[in-house]
Amino acid sequence: MSRMMPVTEDLMDYIAGVGVREHQALAHCRTETRELANARMQIGPDQGAFLALLVKLIGAKRYLEIGTFTGYSALAVALALPADGKVVACDVSKEFTDRARRYWKEAGVENRIDLRLGPGLGTLDTMLASKEAPFDLAFIDADKSNYDGYYERALRLVRPGGLIALDNMLWSGAVANPRVTDPDTSALRALNAKIHADERVDMALATIGDGVMLARKR
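Sequential numbering of the sequence shown, starting at 674, is according to the numbering used here.
Accuracy of the hints is not assured; some may be wrong.
Below 25 Å or equal to it, Euclidean Cα-Cα: the simulated PhoX-like pairs (lysine-lysine) are [stated by the list, open to error]: (1) Lys890 to Lys729; (2) Lys804 to Lys759; (3) Lys867 to Lys890; (4) Lys759 to Lys729.
No wet-lab data here; the hints were simulated from the structure.
Start from the sequences and build out the full structure, keeping to the hints where you can.
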């Protein structure tokens, strides 16, 4: 049986060095974000490379992101998309996404990224009401209490055969401890169980980063 290994700064530096092919703008975003007080909100370089590879494996052209922070995941995907690909990135913070825009411009992909600021559920509802074109891949990495709502809306926004990836679904192992019952942990635990039983999707929970749930729309 495979085991998860302890994640150290040395290990993450090693992964960034030989485990991914990280664009200079991605490295710039990662190292500068590391200095912020809430740096843990950023995905790791392994997750960025994983998303980029998913894009290429499924031939994605349209990517939906719920939770952008300083822009690492949106940038990783934008760099992997074909020239006519499109990222729709949803976030509530102008402060953090202003940082993101700098890295997107540095990489020369800012024209591929459509940033939409506002509460996530409202943004997604607007997209559904306007019959937005379907997406090939969606990534959810925002406030945990609304994950179920994001998942349900993403299911309607991705095409059949499209993928939904949800970050933080292991929540540092807390979801496996029934004694931990805070709202965020409880929400993630319930959603893991829901997706496991959801006949609308094929699924797998991977031990990448803080746990990435993959759900393929049938």
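Hints breached by this structure: none
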